[in-house]
Amino acid sequence: MTKKKNLFQILVDDRHRARTISYTMVIAAYIIVEAMLRSGNLSNLFINLLVPVTCYMVAAIGLNLNVGVSGELNLGQAGFMAIGAFSGICLSGFFADTIPAVPRLMLAILFGALLTALMGFLIGIPVLKLQGDYLAIVTLAFGEIVKNLIMNLYVGFDRTGLKVSFVQQTFTLEEGGRILLNGPMGSTSTQKISTFTAGMILVIIALAIVYNLLYSRHGRAIMAARDNRIAAESVGISVSRTKMLAFVVSASLAGAAGVLYGLNYSTLIVSKFDFNTSILILVYVVLGGLGNINGTLIATVILFLLPEMLRSLQAYRMLIYAVILILIMLITNNQSLRAGLQSLRNRGKKDE
Amino acid sequence: MSDTSKTPILEVKELGIDFGGLTAVNDLNLQIYDREIVGLIGPNGAGKTTVFNLLTKVYKPTRGQILFEGRDTAGQTVVGMNRAGIARTFQNIRLFDKLTVLDNVRTGYHNSVRYSPFTAVLRLPSYYAREREIEGKSRELLKIMELDQYTDVTAGNLPYGAQRRLEIARALATGPKLLLLDEPAAGMNPQETENLMQMIRFIRDHFGIAILLIEHDMQLVMGICERITVLNYGMMLAEGTPEEIRSNPAVIKAYLGE
Amino acid sequence: MRFLSYLMSGLGLGSVYAIIALGYTMVYGIAKMLNFAHGDIIMIGAYVSFFALTRFGLPVLAAVPAAMAVCTVLGVLIERMAYKPLRQATSLSVLITAIGVSYFLQNAAQILWSSSTKVFPAVISNGALQLGELSISYLTLVTILTCVVVMVCLTLFINHTKTGSAMRACAEDKGAAMLMGINVNRIISLTFAIGSALAAIAAILLCASYPQVFPTLGSMPGIKAFTAAVFGGIGSIPGAFVGGLLLGIIEILSRAYISTQLSDAIVFGVLVVVLLIKPTGILGRKLSEKV
Numbered sequence: 449m450t451k452k453k454n455l456f457q458i459l460v461d462d463r464h465r466a467r468t469i470s471y472t473m474v475i476a477a478y479i480i481v482e483a484m485l486r487s488g489n490l491s492n493l494f495i496n497l498l499v500p501v502t503c504y505m506v507a508a509i510g511l512n513l514n515v516g517v518s519g520e521l522n523l524g525q526a527g528f529m530a531i532g533a534f535s536g537i538c539l540s541g542f543f544a545d546t547i548p549a550v551p552r553l554m555l556a557i558l559f560g561a562l563l564t565a566l567m568g569f570l571i572g573i574p575v576l577k578l579q580g581d582y583l584a585i586v587t588l589a590f591g592e593i594v595k596n597l598i599m600n601l602y603v604g605f606d607r608t609g610l611k612v613s614f615v616q617q618t619f620t621l622e623e624g625g626r627i628l629l630n631g632p633m634g635s636t637s638t639q640k641i642s643t644f645t646a647g648m649i650l651v652i653i654a655l656a657i658v659y660n661l662l663y664s665r666h667g668r669a670i671m672a673a674r675d676n677r678i679a680a681e682s683v684g685i686s687v688s689r690t691k692m693l694a695f696v697v698s699a700s701l702a703g704a705a706g707v708l709y710g711l712n713y714s715t716l717i718v719s720k721f722d723f724n725t726s727i728l729i730l731v732y733v734v735l736g737g738l739g740n741i742n743g744t745l746i747a748t749v750i751l752f753l754l755p756e757m758l759r760s761l762q763a764y765r766m767l768i769y770a771v772i773l774i775l776i777m778l779i780t781n782n783q784s785l786r787a788g789l790q791s792l793r794n795r796g797k798k799d800e
Numbered sequence: 047m048s049d050t051s052k053t054p055i056l057e058v059k060e061l062g063i064d065f066g067g068l069t070a071v072n073d074l075n076l077q078i079y080d081r082e083i084v085g086l087i088g089p090n091g092a093g094k095t096t097v098f099n100l101l102t103k104v105y106k107p108t109r110g111q112i113l114f115e116g117r118d119t120a121g122q123t124v125v126g127m128n129r130a131g132i133a134r135t136f137q138n139i140r141l142f143d144k145l146t147v148l149d150n151v152r153t154g155y156h157n158s159v160r161y162s163p164f165t166a167v168l169r170l171p172s173y174y175a176r177e178r179e180i181e182g183k184s185r186e187l188l189k190i191m192e193l194d195q196y197t198d199v200t201a202g203n204l205p206y207g208a209q210r211r212l213e214i215a216r217a218l219a220t221g222p223k224l225l226l227l228d229e230p231a232a233g234m235n236p237q238e239t240e241n242l243m244q245m246i247r248f249i250r251d252h253f254g255i256a257i258l259l260i261e262h263d264m265q266l267v268m269g270i271c272e273r274i275t276v277l278n279y280g281m282m283l284a285e286g287t288p289e290e291i292r293s294n295p296a297v298i299k300a301y302l303g304e
Numbered sequence: 342m343r344f345l346s347y348l349m350s351g352l353g354l355g356s357v358y359a360i361i362a363l364g365y366t367m368v369y370g371i372a373k374m375l376n377f378a379h380g381d382i383i384m385i386g387a388y389v390s391f392f393a394l395t396r397f398g399l400p401v402l403a404a405v406p407a408a409m410a411v412c413t414v415l416g417v418l419i420e421r422m423a424y425k426p427l428r429q430a431t432s433l434s435v436l437i438t439a440i441g442v443s444y445f446l447q448n449a450a451q452i453l454w455s456s457s458t459k460v461f462p463a464v465i466s467n468g469a470l471q472l473g474e475l476s477i478s479y480l481t482l483v484t485i486l487t488c489v490v491v492m493v494c495l496t497l498f499i500n501h502t503k504t505g506s507a508m509r510a511c512a513e514d515k516g517a518a519m520l521m522g523i524n525v526n527r528i529i530s531l532t533f534a535i536g537s538a539l540a541a542i543a544a545i546l547l548c549a550s551y552p553q554v555f556p557t558l559g560s561m562p563g564i565k566a567f568t569a570a571v572f573g574g575i576g577s578i579p580g581a582f583v584g585g586l587l588l589g590i591i592e593i594l595s596r597a598y599i600s601t602q603l604s605d606a607i608v609f610g611v612l613v614v615v616l617l618i619k620p621t622g623i624l625g626r627k628l629s630e631k632v
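Chains as they are written, first to last, in this note's numbering: chain A, 449 to 800; chain B, 47 to 304; chain C, 342 to 632.
Take the hints with a grain of salt, since some may be wrong.
Straight-line alpha carbon distances no greater than 20 Å define the calculated EDC-like cross-link-like pairs of lysine to aspartate or glutamate that follow [as the list claims (entries may be wrong)]:
| hint | chain 1 | residue 1 | chain 2 | residue 2 |
| --- | --- | --- | --- | --- |
| 1 | C | Lys619 | A | Asp581 |
| 2 | B | Lys144 | A | Asp675 |
| 3 | C | Lys373 | A | Asp581 |
Don't read these hints as lab results, they were simulated from the structure.
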């Protein structure tokens with residue numbers, strides 16, 4: 449049957465190429481950034497962006513599975529980040545004195561990922577019954593609901609244990625108690641335990657999960673359901689189940705990213721994870737190319753850093769960002785330009 | 047041909063469906079026995095594809111019963127019918143356009159060769175074993191359907207005839223006992239059609255399955271079908287061997303018009 | 342009695358949502374796109390009417406057409422420049438472009454007029470109509486009346502004029518409409534024009550009740566009205582009307598009887614429930630695919 453391949457052939461094999469490039473890019477980026485950190489060549493502004501950019505990479509890798517591979521428009525990814533962030537903050541705060549930072553961060557990420565996976569499943573049951581734009585609006589609605597609920601959530605603990613309430617008046621702690629989440633004020637005295645290294649490890653894990661899933665019967669089923677729902681059902685693929693798998697994994701990765709994000713700031717309010725943040729992640733995925741994970745990684749880094757790089761232009765930076773966004777869409781969808789690119793590509797193939 | 051002492055693999059009793067007051071199929075009776083090739087013919091708009099959609103539960107019947115291997119299929123879903131053993135192709139080809147030819151066939155093994163998402167993500171040994179099994183079986187099917195030269199081509203870029211054959215390969219991968227082919231020869235030249243006829247016979251013998259096919263190409267239908275059911279205006283017009291159908295005055299009238 | 346007065350203010354808020362939702366639903370029905378920048382047209386309308394009323398000292402009845410004119414031109418311009426080249430593109434590309442336009446408008450407003458909140462002058466006298474024990478503020482009354490007038494005019498226009506039937510044809514099948522000699526591009530522009538003009542009306546009504554003008558003012562009403570449009574069945578004009586009114590009533594009632602803080606969660610929760618029961622909204626049409 450198939451011949452045994454040597455390592456080099458496996459590396460250049462089309463199916464594995466994208467994955468190899470991803471890992472190489474991430475590891476190379478890590479080495480370069482670490483070297484620059486060590487030699488003190490990075491500005492404080494840039495250093496502060498390192499953890500957030502890994503968070504957005506993880507959330508975008510997840511969303512790519514949902515939007516790019518599974519083909520469902522999801523406008524609520526930030527909601528899952530919020531669930532992850534604040535559950536992670538609460539868990540880390542609760543064990544602040546009992547577990548050292550590194551295992552606590554790992555535990556918090558695992559907890560946040562599992563909790564958002566569960567939430568994703570529960571939300572997915574109603575959401576995935578819908579199709580197209582209706583599905584999109586319901587994910588948007590869920591994002592808003594999550595934000596609204598967390599905004600009114602009070603969490604704290606004292607000698608008697610953990611206290612959770614939705615009403616400020618009934619939320620009282622005994623002396624010596626600590627507030628973890630203070631309603632609209634969010635979290636106020638979180639220990640910052642997220643690190644760039646942890647972020648990059650999480651990116652690698654996210655890549656491994658998504659790639660391993662893609663090159664499996666589940667990945668094929670997800671893509672089949674996207675390409676042709678009726679045909680997928682006709683070969684015995686339960687479309688609702690495969691869509692759910694993509695949705696839950698995507699939510700869970702957003703949750704893990706949220707934990708990392710939440711534990712990177714001493715104070716955090718939930719409106720950080722509003723509709724605009726969901727849109728931001730969606731933009732990374734779409735501009736990176738649907739289903740193209742390397743594109744997602746590159747687009748996330750560039751688009752996340754772009755407004756920062758334009759900082760000298762102050763007020764105009766978001767305006768320029770908006771113009772760039774529109775221009776990219778207009779250019780990439782230009783029919784004559786596309787045809788030109790295609791013929792160039794074909795010529796390149798013939799030359800080989 | 048049909049052995050009446052055996053129970054049919056598929057038995058349709060007084061099947062009918064209405065679309066908002068309009069009757070598309072009515073009072074259809076049909077039996078298909080093991081290893082039989084049966085043709086479903088009729089003028090355009092006679093309701094042939096609707097019958098396929100009823101048999102695969104894309105549409106829920108308004109009246110009547112569909113028994114598969116003696117069991118009532120009421121309440122079954124599209125997925126359930128495939129798992130029970132009915133696979134189909136589509137008149138307007140429905141491939142997974144962005145997947146390769148090999149991956150299209152691989153999807154057919156979704157239910158017969160299984161492993162959990164955790165096995166996939168953690169790359170446990172059984173992942174490799176199952177994937178090897180899927181790949182081996184898929185490549186074999188591609189060879190049978192003469193698609194092996196296209197293995198890594200994206201399905202959407204295949205020539206028309208190859209797309210039709212790929213749909214059959216994908217359907218066969220699900221391990222059906224009954225295969226429904228919706229105009230398999232549409233758009234093929236006489237040479238390709240001839241080739242397809244042999245392929246259909248080979249499939250029946252090799253896999254030991256029954257085949258129900260819709261086709262307009264009379265040469266193909268008369269050439270390989272053991273029995274033929276003629277549909278007109280959603281009703282059964284005639285049933286019998288190719289010879290009987292060819293000489294049936296009602297059929298001739300329906301086809302030639304008045 | 343108190344319930345009735347809540348109901349009236351719900352109807353008032355719902356009327357504003359309905360007028361905005363009409364813009365979403367018409368554009369969706371004909372151009373098949375989610376115009377996320379619609380909320381920001383409201384914002385522009387609010388600024389234009391603010392300056393018309395304060396800096397230029399125009400009376401309200403002159404400020405309304407001024408805002409409508411500016412928004413109409415802006416809406417058509419956006420459609421021509423940003424959306425028209427994307428007719429063949431995927432809906433996601435169009436969505437991202439609309440988001441880009443939304444960012445653009447918000448940030449342009451911030452640069453032009455600063456991000457500080459401006460106080461909108463009172464445009465409708467503070468009094469109220471007394472009906473026995475029930476008092477309805479003139480503002481609520483004017484808002485509801487405006488919504489009804491808009492709705493009646495739009496329905497008459499769509500159902501009884503030649504252009505209206507061309508619009509319906511485009512909503513049904515653009516290809517067929519084109520074959521029948523309808524200038525589809527002109528119809529789409531017209532749809533954007535009407536939607537944007539309605540956004541201007543909504544802007545003034547909104548600012549009359551919540552007298553604050555700032556660059557992101559359109560976001561939340563935009564999202565709510567979009568929800569209302571989906572709620573009623575997106576693409577359906579009566580659906581937008583019903584959806585808008587219901588959403589307003591639900592929001593006010595849940596604020597009054599359940600919780601002020603959680604009213605948004607309740608509003609969106611109701612949307613989810615409605616879509617589960619009727620997956621294409623209250624008055625939406627069933628989707629189906631030919632096999």
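Hints and how they fare:
{"no.": "1", "hint": "Lys619/C / Asp581/A", "verdict": "holds (14 Å)"}
{"no.": "2", "hint": "Lys144/B / Asp675/A", "verdict": "holds (7 Å)"}
{"no.": "3", "hint": "Lys373/C / Asp581/A", "verdict": "holds (10 Å)"}
The structure shown violates none of the earlier numbered hints.
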